[in-house]
Each structure stands twice: as C-alpha cells, then as structure tokens.
Amino acid sequence: MRSLKSLSFLSLTAVLALTACAPRTSGIEARREADERFRRTTSLVNFDQAKQAFETGELDKARKEVESAIARSDKEAKYWSLLGRIELEAKHLERALTAFGKAIENDPSLAEPYYFRGIVHQRWNDLVKASEDYLKASELAPEKVAYLLAAAEVMIAQRELDEARMLLLPKLAQFEHNAAMHELLGDVSFLKNDDASAARSYERALVIDAEAPLLAEKLVSAYFRAGEWQRCLDAARRQRAIVAKEANGRRAEIPNEVYRHEGRALTMLGRMAEARAVFVEETRAYPEDAEAWRDLATAALSSGDLARAEQAAERLVALKASDSRGYTLRGMVAEGRGRTDEAIRWHRLAVAKSPKDVEALVALGLALESAGKRQESLKVLGEAMKLDPSSVIARRAFAGVTND
1 MRSLKSLSFL
11 SLTAVLALTA
21 CAPRTSGIEA
31 RREADERFRR
41 TTSLVNFDQA
51 KQAFETGELD
61 KARKEVESAI
71 ARSDKEAKYW
81 SLLGRIELEA
91 KHLERALTAF
101 GKAIENDPSL
111 AEPYYFRGIV
121 HQRWNDLVKA
131 SEDYLKASEL
141 APEKVAYLLA
151 AAEVMIAQRE
161 LDEARMLLLP
171 KLAQFEHNAA
181 MHELLGDVSF
191 LKNDDASAAR
201 SYERALVIDA
211 EAPLLAEKLV
221 SAYFRAGEWQ
231 RCLDAARRQR
241 AIVAKEANGR
251 RAEIPNEVYR
261 HEGRALTMLG
271 RMAEARAVFV
281 EETRAYPEDA
291 EAWRDLATAA
301 LSSGDLARAE
311 QAAERLVALK
321 ASDSRGYTLR
331 GMVAEGRGRT
341 DEAIRWHRLA
351 VAKSPKDVEA
361 LVALGLALES
371 AGKRQESLKV
381 LGEAMKLDPS
391 SVIARRAFAG
401 VTND
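The opening residue of the sequence shown carries number 1 in our numbering; numbering runs sequentially from there.
Hints listed in this document are in silico derivations from the structure and should not be mistaken for laboratory results. Don't take each hint at face value.
Said to hold, decoys possible - Pair by pair, the computed Cβ-Cβ distance ranges are:
no.: 1; residue 1: 108; residue 2: 269; range: 54 to 60 Å
no.: 2; residue 1: 268; residue 2: 162; range: 29 to 35 Å
no.: 3; residue 1: 213; residue 2: 375; range: 55 to 61 Å
no.: 4; residue 1: 139; residue 2: 244; range: 44 to 50 Å
Unchecked claim - Pairs of lysine to aspartate or glutamate, EDC-like flavour, derived with a Cα cap of 16 Å:
no.: 5; residue 1: 192; residue 2: 162
no.: 6; residue 1: 171; residue 2: 194
no.: 7; residue 1: 192; residue 2: 153
no.: 8; residue 1: 386; residue 2: 359
no.: 9; residue 1: 373; residue 2: 357
no.: 10; residue 1: 144; residue 2: 187
no.: 11; residue 1: 78; residue 2: 107
no.: 12; residue 1: 245; residue 2: 228
no.: 13; residue 1: 373; residue 2: 323
no.: 14; residue 1: 51; residue 2: 89
no.: 15; residue 1: 91; residue 2: 60
no.: 16; residue 1: 78; residue 2: 126
no.: 17; residue 1: 171; residue 2: 211
no.: 18; residue 1: 171; residue 2: 195
no.: 19; residue 1: 129; residue 2: 153
no.: 20; residue 1: 91; residue 2: 143
no.: 21; residue 1: 136; residue 2: 153
no.: 22; residue 1: 61; residue 2: 89
We treat Cβ as the ideally placed atom computed from N, Cα and C, and that holds for glycine.
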C-alpha cells in the first residue's frame with residue numbers, strides 16, 4: 001500500500017516538473033518580441049548604412065544593405081521606399097515601382113513613396129497616375145513644397161491650367177518665399193496669354209532666386225508679349241550682362257531668345273539701327289537660324305541698309321526655300337532699288353510658295369499697283385481680304401489702290 005502511494009507521489013511530482021519546465025505563452029511572446037526588437041535594431045544599422053551609401057552614389061552597396069534590412073524586418077515602409085529610390089536612381093523602373101508599392105502597402109500614410117512612384121509614372125509619360133501620386137504625397141505631407149510643385153507641373157503639362165492655379169494659390173502664403181511657386185504661377189498665366197500677370201510672377205520669382213535656370217528668359221518673353229518693350233529691352237540687356245560676367249573673359253554664349261527679344265524690342269521702339277546691330281550679332285552666333293535672318297532683313301530694310309537686307313533675305317531663302325517670307329523680303333529689296341519688274345517676280349514666287357499668305361499677297365498687290373497694273377492689283381488684294389477680312393494691312397492696301 002505504501003509503495004502504491006509512493007508511486008503516485010512520484011508520478012505527480014514528474015507531471016508538476018514537466019509542467020514547470022514547459023514554456024508559458026507569455027514567455028514565448030516575450031521572447032518573440034525580444035527577437036523582433038533585436039532584428040529591428042540590427043536592421044536599422046543596415047538601413048542607416050544603406051542611406052549613407054545611397055547619398056554618396058554607391059548604389060550596389062546601398063541596395064545590398066537595404067535588402068539586408070528588409071530581410072530582418074520586412075514591414076518597415078521606409079526600407080522599401082529607400083529600395084525604390086535606389087532602383088529609380090539605377091533606372092530600374094519596374095523594380096522601383098514594386099518597391100514603392102510595398103512601402104505604400106506597409107504604411108499608406110507615408111508620403112515619400114507616393115512622390116517617387118509619381119516620378120516613375122511621369123517617366124513612363126503616364127501623367128494621370130503621376131498627378132494622382134503627387135497629389136496624394138502633397139496631401140500627406142503638406143509642408144513639402146516639392147510634392148505640391150510636382151503635382152502642379154504635371155497639371156501644366158496636361159494644360160490643366162485652371163486646376164494648377166487653384167492648387168497653387170491657396171498655398172502661396174505658406175510658400176511665399178519659394179521662387180518655383182511664383183514661376184509656376186507665371187507659367188500658368190503665360191500659357192493662358194495673360195502676359196502681364198506672367199511678367200509680375202516671374203519678377204517676384206527672380207527677386208527670390210536671381211539664378212533660377214531659364215527664369216530670366218521667361219521674363220524677357222513675357223515682357224515682349226505683354227507689349228512692355230522698354231522693360232523687355234532692359235531685361236534682355238541685364239541677361240546679356242549676366243552671361244558675359246559668368247563667361248569670365250571667355251566668349252559669352254548669349255541665348256538666342258535673348259538676342260531675339262532685345263532686337264525685336266528695339267524694333268518696336270523704333271530704334272532700327274540698334275535692332276539691326278543686335279540681329280547682326282544673332283546671325284553670327286546662330287547662322288542656321290532662319291528667324292534671325294528674317295529679323296535682320298526686316299531691320300536692315302527699315303533702316304535703309306539695302307545691301308545687308310538683300311544678303312539676309314537671300315540667306316533666309318537658302319535656309320527655308322519653302323518659306324514665302326524670304327521671297328517677299330527679296331522683292332521689297334528690289335522695290336527699294338526701283339526694280340519693279342524684279343520685285344514682282346519675287347513677290348509672285350512668294351505667293352506661289354504660300355498662296356494663302358496674306359502678307360505675300362498684299363506685297364504682290366502693291367508691287368503690281370506700282371507697275372501700273374491696277375486691275376490685277378485689285379484682284380490680288382481682294383483675294384487677300386477674302387482670306388482674312390480682319391487684316392488691317394489688306395484693307396488699307398485695297399483702300400489705297402481703290403482711292404488712287
């Protein structure tokens with residue numbers, strides 16, 4: 001009896017011992033959490049090393065480190081986002097898209113992967129998806145002006161001008177000292193043909209960032225289109241001076257548009273000799289630019305320099321044989337020299353090249369009238385008026401011949 005009791009006691013003791021040795025649920029969870037903390041801590045080391053490598057352009061090393069971080073802790077959105085940026089920088093767009101998708105899946109509130117995924121979509125020219133991602137990034141991180149500007153740029157590219165303006169204007173007070181904000185608002189105004197407003201926006205942008213690329217040229221163009229000739233001239237000359245200073249004694253490469261607007265502003269101000277000198281410089285710097293030769297021919301004609309006008313008109317014809325303006329200018333040179341028959345031949349060539357060019361028809365009509373061919377002149381000028389009833393030069397030419 002005693003042995004049976006002893007055996008029962010021993011069995012119970014064994015069971016209790018086994019129970020004591022078995023891991024409790026709370027202990028398992030604690031060890032799991034400790035393991036996760038350890039893995040997260042070590043993954044952060046890899047992540048920090050990946051960031052440093054990425055910032056120094058060591059993409060292979062950065063990829064290896066961030067992939068190690070993800071292997072230890074694959075739910076960290078910022079790890080996936082960094083991997084996406086690495087792949088984007090390496091031009092592996094499909095991989096980048098997958099990584100940014102993983103980042104968003106793990107943390108939909110993180111703005112960064114939306115922004116960089118938008119860049120991927122934009123490179124693929126999927127502007128609708130790019131715009132959606134940029135807007136989401138801006139919504140999640142309203143303090144990041146880059147996200148806002150990216151969304152506005154895509155809208156402008158898609159000619160969603162009112163939408164872009166409505167996106168930017170409410171944020172203008174917050175980012176008042178950001179040159180790009182004013183520049184984009186200027187771009188919207190310029191594309192909507194509100195040139196005076198565009199000029200004001202570009203002016204503010206230049207005050208904030210005087211070295212912003214292309215901004216000075218945009219301002220020059222806006223001044224010209226707004227009819228602010230003197231401001232256009234002053235801005236073009238300031239830009240010339242800046243380029244010359246930056247050249248530091250070397251040959252300054254003046255942008256073609258700066259030459260063009262400087263010369264055309266002088267033309268509109270009636271300073272033809274100065275305009276001609278600018279266009280001479282432009283044709284030397286850009287000898288294959290047909291518009292420069294056309295401007296030079298026009299300015300030379302207006303200032304009585306028939307030899308240079310003829311040379312420029314011939315160059316225009318050589319560069320653009322299909323352009324009627326070269327033939328018209330050549331005819332005007334002949335008229336300036338009193339060679340009416342030669343002028344008519346050139347003007348007929350111009351009309352043959354562009355039968356619906358009102359200016360070519362008017363030039364031919366006036367040359368015919370000078371040669372005493374009144375009926376044919378009226379017929380040609382009548383055709384010009386039919387093509388464009390609102391044309392002031394056609395109406396004036398027709399009235400002048402009729403009154404004579």
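Hints the structure fails to honour: Checked against the structure, the hints that fail are numbers 6, 9, 10, 12, 13, 16, 17, 18 and 20, while the rest are satisfied.
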